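Visitor: Sequence:
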Amino acid sequence: METVVDLVGDATKFHKPGENYTSPGYVVTTSTMRLLKEHVAQTKGMVVTRFPPEPNGILHIGHAKAINFNFGYAKKLGGVTYLRYDDTNPEKEEAEFFRAIKEMVLWLGFTPYKVTHASDHFDQLYKWAKKLIRLDQAYVCHQRLEEIRGFNPPPSPWRDRPIEESLQLFEDMKNGKIDEGCATLRMKITLADGKVDPVAYRIKMRPHHRTGSTWCIYPTYDYTHCLCDSIENITHSLCTKEFQSRRPAYYWLCNILDVYCPVQWEYGRLNLNYNVVSKRKILRLIQSGIVSDWDDPRLITLTALRRRGFPPQAINNFCERIGVTMSQTILDPSALEACVREYLNEHAPRVMAVLDPLRVVISNWNELYPNMTKGEVDIPDFPALSDSKAHKACISSEIYLDSSDFQELPDKGYRRLTPDQPVGLRHAGLVLQVREVKKDQAGKVVELITTAKTVENGPKPKAFIQWVSDPLHCEVRLYDRLFTVKDPDNAKDGFLSVINPNSLVVMPNAMVERYLKGASVFSTYQFERIGFFAVDPDTSTERTRAMLRRHRERVLQGIPHAAATSLIHTVEYIGPRHCRLYSSQSSHKCRKLAIVALAFLISEVILSFTSPPGLTQLPRWFSIGRYR
10 METVVDLVGD ATKFHKPGEN YTSPGYVVTT STMRLLKEHV AQTKGMVVTR
60 FPPEPNGILH IGHAKAINFN FGYAKKLGGV TYLRYDDTNP EKEEAEFFRA
110 IKEMVLWLGF TPYKVTHASD HFDQLYKWAK KLIRLDQAYV CHQRLEEIRG
160 FNPPPSPWRD RPIEESLQLF EDMKNGKIDE GCATLRMKIT LADGKVDPVA
210 YRIKMRPHHR TGSTWCIYPT YDYTHCLCDS IENITHSLCT KEFQSRRPAY
260 YWLCNILDVY CPVQWEYGRL NLNYNVVSKR KILRLIQSGI VSDWDDPRLI
310 TLTALRRRGF PPQAINNFCE RIGVTMSQTI LDPSALEACV REYLNEHAPR
360 VMAVLDPLRV VISNWNELYP NMTKGEVDIP DFPALSDSKA HKACISSEIY
410 LDSSDFQELP DKGYRRLTPD QPVGLRHAGL VLQVREVKKD QAGKVVELIT
460 TAKTVENGPK PKAFIQWVSD PLHCEVRLYD RLFTVKDPDN AKDGFLSVIN
510 PNSLVVMPNA MVERYLKGAS VFSTYQFERI GFFAVDPDTS TERTRAMLRR
560 HRERVLQGIP HAAATSLIHT VEYIGPRHCR LYSSQSSHKC RKLAIVALAF
610 LISEVILSFT SPPGLTQLPR WFSIGRYR
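Residue numbering for the sequence shown follows my numbering, starting at 10 and increasing by one per position.
Just so you know, the hints here were simulated from the structure itself, not pulled from any lab data. Remember, it's a predicted structure, so these values are computed and weren't measured experimentally. Incorrect hints may appear among the rest.
Computed spacing ranges between beta-carbons, pair by pair [as the list claims (entries may be wrong)]:
id, residue 1, residue 2, range
1, Gln-51, Gln-177, 35 to 41 Å
2, Arg-278, Val-494, 16 to 22 Å
3, Arg-278, Gln-133, 28 to 34 Å
4, Ser-287, Gln-133, 31 to 37 Å
Glycine included, each C-beta is placed from N, C-alpha and C at the ideal position.
Produce the entire structure from the sequences given, and follow the hints as far as they go.
Guide: Written out as structure tokens, the structure is:
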């Protein structure tokens, strides 16, 4: 399942292990060659990378790119990759996030060489901090964090305090003698973005998930990151562009402490339009009840994409196709969806389903099939394959069509069932003609009485439609984009003002083939003429109760879901006239992918107008307007 990156662009300029000094901007000291020699002896000349997430949220699609790059680059060159948790802020870390991060890395198909934590090195980091003070390269400061935020904070009046005084105060910080917010340890360096004396340690009177109450001071990213890289003998510290300004501090800190200094390489972030990835904003969406949790299928967290039915192979293929560039890449979601569609078209079995059922009685069933109350038809799992396996579907005198496939007063150009126009039943070899339309007191069509003829003996239909008989009842959820604008982060009235009110449509009375009974969670299927669907984790297994009555069994983040035999939701929900291309600031591969996606969509539309039994249907990504 793993994707191995191709070495293109700036990645071709990456240094060989042990040749760090050939990298632009790398600082060489009198100890550099000795330290590099020791480093190569320990790594045996292998490439060593790391994926270092903070365990304060769920990974998203941008992290998938980072995972693919770090693991893929190392694998390409026969190296290894660490999964390192940057667990230096107990205030925001939760056990749930630790589990989910590792689970998602493994789900994508990557196996870490080792799983480590920044907290593994707290003792060593503390010793090095004291060494910095003794070298007069760090000092204890009493400015409040709010005073030193930004790029033009006032100079610290404690910058030149005596070394021994800073050592004692730092010891007092460690021993809990100074209140939170009243002191920090700052390093004497100016970052590339102009920020002066970044903080190395701050006080947080909170227990740590691994070290308990041993520590009440915790190192910052600026201090921890490069030193953990050094300890783990990382050869290529790959990070996104926003960390470029920290590179001088990265090299300075390793060199001032006289330890092995890795090379930091930056690459552009990946983001998708119509989405937010900020942990703070996702939390607001959850707390506001707009989405159910971190795995709500309308988000682009990896747990959400998995729940929505996106296969890990498709996500890895997407990351491989867009490549790694040094500039930010902003794509339309259709770029990712095209990769998903391409994969599922070959791996998701076809089944029939109706989202809004309409009961249909075949009045002449006994004439067609004497002495047979029920029959079976073969549904090929993958019609495009000549040797495709097939599954059985029941058919009887009572079937269900989708209500959108019948119009009593048809629109112009409508090609499906009407009182005067027959329609074919896919895979059954039958053509239906309406004999009677039954309605309820409100005038709604509730049942059709029809007669059927075989395709050979009946009138030629203009379209063939899906149907179900003796079905499973299920709830189907159709998902659209969560936001109505491309860039919700910069919406004039805030990102909550551009929520799409129709991002979730629930079809509570849908029906599917009985073949899906017992389908496992996350398994994917292609509903003919509708789209791709996946079995949801909150599916009920209590079939009888679910089929007999609507029972509110489960509540997810305050949003009730009626229990059903199967809770199934779409991979994508796109209106039939919305052909979405995406843009990239840098990758020609993305433009090619857009052209392929457009051609694929055009071919779908052409084939949708005529569909005799057994003709391979290209995957549908619409929920309405499937046939006219």
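Visitor: Regarding Arg-278 and Val-494, is the given constraint of 16 to 22 Å on their beta-carbon distance met?
Guide: At roughly 20 Å between Cβ atoms, Val-494 and Arg-278 fall inside 16 to 22 Å, so the hint holds.
Visitor: Check the following: the C-beta atoms of Ser-287 and Gln-133 are separated by a distance inside 31 to 37 Å.
Guide: holds (33 Å)
Visitor: With respect to the beta-carbon atoms only, verify the hint that Arg-278 and Gln-133 lie 28 to 34 Å apart.
Guide: holds (31 Å)
Visitor: Is 35 to 41 Å right for how far apart the beta carbons of Gln-51 and Gln-177 are?
Guide: holds (36 Å)
The structure shown violates none of the earlier numbered hints.
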